[in-house]
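J.: Respectively, the protein sequence lines represent chains A and B.
Mapping to our numbering: the first sequence position 87 is 1473, numbers consecutive.
Mapping to our numbering: the second sequence position 14 is 10, numbers consecutive.
Hints should not be assumed to be uniformly reliable.
[What the hints assert, rightly or not] If you anchor each label on the Cβ, the simulated ranges turn out as follows:
#1 Leu203(B) to Phe1490(A): 44 to 54 Å
#2 Tyr1391(A) to Ile223(B): 22 to 32 Å
#3 Thr76(B) to Phe1396(A): 14 to 24 Å
#4 Arg1397(A) to Asp188(B): 30 to 40 Å
#5 Gly202(B) to Cys1412(A): 19 to 29 Å
#6 Leu230(B) to Arg1397(A): 43 to 53 Å
#7 Tyr1391(A) to Leu53(B): 43 to 53 Å
#8 Leu1419(A) to Leu203(B): 45 to 55 Å
#9 Asn119(B) to Phe1525(A): 51 to 61 Å
Rather than coming from a laboratory, the hints here were simulated on the basis of the structure.
We put the CB at the ideal spot given by N, CA and C, even for glycine.
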Amino acid sequence: MNDYYFARLFREHKLAFVIVTGFTICTLVTTLLGDEITPFFVWGMFSQKETPRYEQEIVEIRVNDEVFNYYTELTNFNRHMLIGPISFYTNMEANGGVHPTRKFFKDRLTEAQYKSWAPTIFSITNDPSIKREFEDWVFRYLDHSADEPIERLEVFLNTYRYESPRRLILMQQDTVLHL
Amino acid sequence: MSYAVFGVITFTLIYRFLSNSLLSQLEAPVLKDPYVDLTYWFFHLLHIPEFLTGNFLVALAFDLSLILLPVLACYTHRKTIWPVLFGLFYLTYMVTYNSYSCHHTHCMAGIFLISIPFWFKDNKAFSLTWEGLRYYALFIYASAFLWKLFRGSVFHYDQGFSIMLNESSAYLLLEPATWRSSLYWNILENPDLAHQLILAGSLSQGLFLIGFFTRKLDWLWFILPIIFQTMTYLLFHVMIYELLILCLVFLPWHKIREHVGSQ
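If we strip away everything but chain A, and leave its shape as in the complex, we get (with noise of 0.2 Å):
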């Protein structure tokens, strides 16, 4: 049937077809090699195995001094706009301050091949010194979001073990950032 969509989309519209077909094209091989190239999507969410982490990290916020429940306060998208960033973040610290991307590329290619990439790679992440620009920006993205004026504002990573499926034990808290 498949074969019969093809030829009857070249025999009745060239274009469509020229269009089509180059997008099948792309999506296929960006599946097989499984790194994608937007639009040509790669689906492969919740596909790797996995195995329990029973210690989970976790983004608590803190605003004017009480916890700030970013799932009763914010919507879906308004939340993930927000922890994604800081969870982002807080892989940067974790990397000495180099963003994930540059890192990836470290690690992938050789010396000289990451110098003559450098200054793509470095013009389209954020250098080190993003900090201070990016504690404002929380501030900013929650302070519109949230309902109630900030004065106070702390961003913690919490790692806490899992006892029992009920039972979840902090274990060690991380201030990411302060403001």
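Given the structure of chain A, go ahead and fit chain B onto it with the hints provided.
T.: Chain B only, in chain A's frame:
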């Protein structure tokens, strides 16, 4: 059909506006993650996301255009310029939002892709690309199943339990007394149930392979994603409802048109 497609799109954009997620509402974000997606590289090398989010008035004009374009596409069926512009604007929005939210979510892909058939003025080209989109919608779920199958995670006993731990822990801490938390605790106490749920979800994705060979079950491909995305949201807090717009390609539009025409 354009009323349904662009009406749903307008609704999703309004929801994004209410979620403080349009570009003028992002408060000029600074941290970006283009990762290794060449399209994202291209946009950032041209400084498009930086330009759009760095100036409030530019961002506001962009957002207003983004909301206005599907409305124009609704009411001016024969003009392909609006769907084309909408597709380009939405792709730009998707890249910018994903880049600054530091996570390349796929939930917006359906909205961009469903605009493509409307780029053609010719009815035949429209029908053919619309039909192609039906195959693509099947491919999304079928390939999601094949990824899990080839990586061996479909029958991996710990898969459901592990994903549940990763995705629900923050919610359990912040909202321990809700019905949803009670559901999560129960699933975490019954790894068998977590395994069966994820297995059922994965195998239901595998069913989409049948859709490549027959149109008789199109009603099922319309309903299954709704159930699947709802379960994903309820269990894992992952909201990919925007992708449901692709369910529209499984509707019998010729029958709907006849029915509407006879009224």
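J.: Among the hints numbered above, which are violated by the structure, and what are their numbers in rising order?
T.: 1, 4, 8
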